[in-house]
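In order, the protein sequence lines correspond to chains V, P and G.
Under my numbering, the first residue of the first sequence is numbered 9, with each subsequent residue one higher.
Under my numbering, the first residue of the second sequence is numbered 3, with each subsequent residue one higher.
Under my numbering, the first residue of the third sequence is numbered 21, with each subsequent residue one higher.
Among these hints, one or two may not hold up.
Stated by the list, open to error - Some residues of chain G that are not near chain V, with every Cβ distance over 10 Å (derived):
1. Trp-52
2. Tyr-59
3. Arg-74
4. Ala-89
5. Phe-132
6. Leu-166
7. Pro-253
8. Leu-294
Unchecked claim - Calculated pairs, DSBU-like style, for lysine-lysine (alpha carbon to alpha carbon, straight line, at most 35 Å):
9. Lys-18(V) - Lys-28(P)
10. Lys-163(V) - Lys-172(P)
11. Lys-117(V) - Lys-28(P)
12. Lys-26(P) - Lys-18(V)
13. Lys-269(P) - Lys-84(V)
14. Lys-269(P) - Lys-114(V)
15. Lys-26(P) - Lys-84(V)
As the list claims (entries may be wrong) - Quick partial rundown of chain G residues pointing at chain P, CB under 10 Å, derived from the structure:
16. Thr-152
17. Met-198
18. Glu-200
19. Thr-201
20. Leu-249
If you are wondering where the hints come from, they were derived from the structure by calculation, not from laboratory data.
A virtual CB, placed ideally from N, CA and C, is assigned to each residue, including glycine.
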Amino acid sequence: MIDVRHVTKKFGEGATAVMALEDVSLIIPEGSFFTLLGPSGCGKTTLLRLIAGFELPSEGEIRLDGDSIGHLPPHKRPVNTVFQNYALFPHMSVARNIGFGLEMLKRPKTEIAATIEEMLDLVQLGAFAARRVDQLSGGQQQRVALARALAPRPKVLLLDEPLSALDLKLRKGMQSELKRLQAETGITFVFVTHDQSEALAMSDQIAVMSAGAVQQVGTPEDIYTAPQSRFVADFIGDTNIVTGELLGYDGPMAQIRFGEGRSLSVKTASATLVPGPVHVALRPETITICDAASDAALLIGTVRDATYFGAGSQMSIRLEDGTEIQAQVDRPSPAGTLVGLNCDSAMLQVLAD
Amino acid sequence: MADIVQQPATGSQNLQQAVQARAKAKRRVRLFLLLPALGIIGIFGLAPLSIALIYSFLEPGTYGGVEWSFSTDAYVQFLFERDIFDDTLGFNSAYLQIFGRSFGLAILTMCGTLMLGFPVAYFIAARPPEQRNAWLFAITLPFWTNLLIRTYSMLLIVRDEGFINLALMKLGVIGAPMQMLYTDGAVLAGLVYSYLPFMILPIYASLEKFDFALLEAGHDLYASRIQVFRHIIIPISRPGIVAGCALVLIPALGAYITPELLGGGKKLMIGNLIAMQFGSGRNWPFGSAAALILMAVVLIALLLSLRAGAEKENRHG
Amino acid sequence: MAEPLRHKPTFLRRATGTRELRRQPLFTGLSWVVLLLLYAPIVILIVFSFNDNRSVVRWTEFSLRWYAAALDNGDIRHAAVISIQVAATATVISTMIATMAALATTRGGGFFGRSAAIALINQPLMIPEIVTAIATLAFFSMLRQLTGLSGLGWLILAHTVFCIPFAFMPVRARLADMSETFETAAADLYATPWQAFRHVTLPLLMPGILAGAMLAFVVSLDDVIITLLVAGPGETTLPIYILGQIRRGVTPEVNAVSTVLIVLTVAMVAMTFLLQRNRK
Chain V
9 MIDVRHVTKK FGEGATAVMA LEDVSLIIPE GSFFTLLGPS GCGKTTLLRL
59 IAGFELPSEG EIRLDGDSIG HLPPHKRPVN TVFQNYALFP HMSVARNIGF
109 GLEMLKRPKT EIAATIEEML DLVQLGAFAA RRVDQLSGGQ QQRVALARAL
159 APRPKVLLLD EPLSALDLKL RKGMQSELKR LQAETGITFV FVTHDQSEAL
209 AMSDQIAVMS AGAVQQVGTP EDIYTAPQSR FVADFIGDTN IVTGELLGYD
259 GPMAQIRFGE GRSLSVKTAS ATLVPGPVHV ALRPETITIC DAASDAALLI
309 GTVRDATYFG AGSQMSIRLE DGTEIQAQVD RPSPAGTLVG LNCDSAMLQV
359 LAD
Chain P
3 MADIVQQPAT GSQNLQQAVQ ARAKAKRRVR LFLLLPALGI IGIFGLAPLS
53 IALIYSFLEP GTYGGVEWSF STDAYVQFLF ERDIFDDTLG FNSAYLQIFG
103 RSFGLAILTM CGTLMLGFPV AYFIAARPPE QRNAWLFAIT LPFWTNLLIR
153 TYSMLLIVRD EGFINLALMK LGVIGAPMQM LYTDGAVLAG LVYSYLPFMI
203 LPIYASLEKF DFALLEAGHD LYASRIQVFR HIIIPISRPG IVAGCALVLI
253 PALGAYITPE LLGGGKKLMI GNLIAMQFGS GRNWPFGSAA ALILMAVVLI
303 ALLLSLRAGA EKENRHG
Chain G
21 MAEPLRHKPT FLRRATGTRE LRRQPLFTGL SWVVLLLLYA PIVILIVFSF
71 NDNRSVVRWT EFSLRWYAAA LDNGDIRHAA VISIQVAATA TVISTMIATM
121 AALATTRGGG FFGRSAAIAL INQPLMIPEI VTAIATLAFF SMLRQLTGLS
171 GLGWLILAHT VFCIPFAFMP VRARLADMSE TFETAAADLY ATPWQAFRHV
221 TLPLLMPGIL AGAMLAFVVS LDDVIITLLV AGPGETTLPI YILGQIRRGV
271 TPEVNAVSTV LIVLTVAMVA MTFLLQRNRK
């Protein structure tokens, strides 16, 4: 288990100092596939480098299984990294690359040889042991990088956007490969990415980061269906954010009304919002179209246009208050029609901001 | 679990220590790595220059070396001659002429290398990438071979029994050998020959990344060949031209071997004048003073070339 | 934009305007003439070193007699030994020192005074050689008197100083090209800083170090002016010997020695060039 406690990282001094991480606390459970997700510059890579030991935190503590490791140099941490551009040593064979960690730990030669063999099998590169790394394809280099980082059996494997250099098809394959490796080895994987679909597909848990802070931690489902903030709602998938009126709370649920419509019981990210206008997240695929005059209509708007995308159509609708929202439907209504929008109230989420 | 409350304190203490230890180790390693280079060059590269400065204000020793008494004679000597009989100073332009010749030859060398070097640099830059390396190699190779040997090979060609004379005589153009060796022309040719790569390389570097499609754009906008050259190619290669001029001018000013061999000791340049003071002439203070004046001139030329380079940036920035 | 055009087959190239516009026909001719002028004197020198005649212009017959004469000449042998002693020692010391300095100025981030340090290391390149030569002579003659020490050490020291910037350039260029991620990855894989240097940085840097060493060797081997002034009695290097001979008159024996020096230099520079080209 990695326990990140109140970690702050500043680069530079004085007026030009840049705050990369600000008071970040996070628990990464043992044996999980944990993803740090966020746009570039959000601090996710900095956090990874702090865990690896490439940088020291300005403040705070990082613990691994109860031991404080935040101050140790990288070679004294039982943590290994798969680098974004792999950083395979170009002057060594595939086998020596994989055995490098154990070689530095001065393990017996027989053990190193056995582990190299085992790792080559694990990543299905048995025939490539003697190759030079520049003779491998991008996907193969990726596997060698994985094998090299796994060979010393670290407690934690850190992966810094390892799939970003691969093309789309290879990336899909490597996603399931990584899941398999994680399950087989049982090692905690900390995976950094800016690709939300990758994060949703692979992770046990996701920490969404922005501007040097953790915005939300949860399972992919939590993050997708119950975003806490506008940032998370916006960043994960396509989201419509509409304004509703908060009437009050009914236990853990918020009472919401759109326009003159009926009151709905909706999940909420915060139980301390003041009654009045609030932001509500509404996923495009949860919307159904109904007659504008019907009771089922929660919101009313005019169809602007529709785009066919194969599995259905994406309709762009302008609400009465001018908000533009997207809805995925099977059969789009013609532009200019006044339509009612309906949605299962369980799919709505009141945002904290 | 009881110690967990206390751990953050020790943790942050460790952290402070670790941060300091890392910074300290980094500084130590850096110092260890830099000290030999800075030490050797500092002591054996810079200190001699200060010694030369001190020597230039002393009196010459009888058999070389210096007498430790202050004197500005070394500098005065440049312009004036002390009369042996009545100890008065009379204007003497001999040394000034040597300086003048050195400047003249250095500037002519610069112009010569520019006129030959620019077309070559342009030609190489316009080659397909796979041919460029071969050309660069061919141009730089003579530069690495010994300057003395190259000058000697020049001498084989221009002397009275040399190749040019022999060929011309055989063709019946001339009846008797032309005197080419020991002329300013021979020295100039030797200097241009020696320093040409210094001009080609920086100009090539500035043209290397040049997108030749810009020429098309220029012609498309009704520029003639000469206009394109003036308004597109010259401005782009300007930093290279400035750097090349400095790289040629500086060693040409201090040239020793070329005027020695091709000028035959008759057409002296500053370099020979300086060296003589430490050999047969035996006036170390005067030699030091001449060397420092040369160095000052070179530094001024360097600063001017830096300024010329910077001006260009401003205009485009 | 010009990039894709270059790779078009020749018949297509001819049709595109860029190729035509960039070509300045005058420049092409001039470039070949310049190349010819650069090499002609050297080639003539080499050719006539194989001439079986005292004359260095009239070709009679191929012969190795001047090489034999040079080999038989005790002064030349002595000068060659001195040259190689000085160049080899100065190369080893200056390359080590330059490599260390290159590591300090490219690794571990910037620091106060870095550009000043680099400028100081390059100082020997910025001052006319004749100035360095007389200043070093003055300084060393003072030190020689003060310490009472004499010997080849002084000449080696003088060579080491001006070899450092030449060795420094390729090592630093190679380091700047080399991603620091390799060292980071080594540290991540339990390598101590020393292990990371030994197993990762040093082997990757080797081509740069070799290139630097060869440049230093060539520069030291070719030096005339500084050696001429700083060398003590009996410390005649090959170039100084050649200079002495040329002053006395032209002999094919000098051509032979010069040819050997040229071949040696060209071989080393060519190797350096190949090393740097294959670094990808």
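A cut-off of 10 Å on Cβ-Cβ distance, and Pro-253(G) was said to be off the interface with chain V. Does that hold?
holds, 48 Å
Does the interface hint hold: is Met-198(G) within less than 10 Å of chain P, judged Cβ to Cβ?
violated, 16 Å
Is it correct that the beta-carbon of Phe-132(G) has no partner in chain V closer than or equal to 10 Å?
Check passes; 12 Å lies beyond 10 Å.
Whether Arg-74(G) stays farther than 10 Å from all C-beta atoms of chain V, as the label says:
holds, 54 Å
Supplied contact hint for Glu-200(G), tested at 10 Å Cβ to chain P:
violated, 14 Å
Would the hint linking Lys-269(P) and Lys-114(V) be met if the CA-CA limit is 35 Å?
violated, 70 Å
Over 10 Å from every CB of chain V: does Leu-166(G) meet that, or does the non-interface label fail?
holds, 46 Å
Taken at face value, is the distance from the CA of Lys-84(V) to the CA of Lys-26(P) at most 35 Å?
With a Cα-Cα distance of about 19 Å, the restraint between Lys-26(P) and Lys-84(V) holds, given a limit of 35 Å.
Would you mind confirming whether the straight-line C-alpha gap from Lys-18(V) to Lys-28(P) stays at or under 35 Å?
holds, 19 Å
Please check whether Leu-249(G) passes as an interface residue: C-beta within 10 Å of a C-beta belonging to chain P.
Since the shortest Cβ distance to chain P is 6 Å, the answer is holds.
Verify that the Cβ of Leu-294(G) lies farther than 10 Å from every Cβ atom of chain V, and report whether the claim holds or is violated.
It holds; Leu-294(G) is separated from chain V by about 17 Å at its closest Cβ, greater than 10 Å.
Lys-26(P) and Lys-18(V) were given as a pair; does the straight-line alpha-carbon distance stay at or below 35 Å?
holds, 19 Å
This entry does not satisfy hints 10, 13, 14, 17, 18 and 19, going by the numbered hints stated previously.
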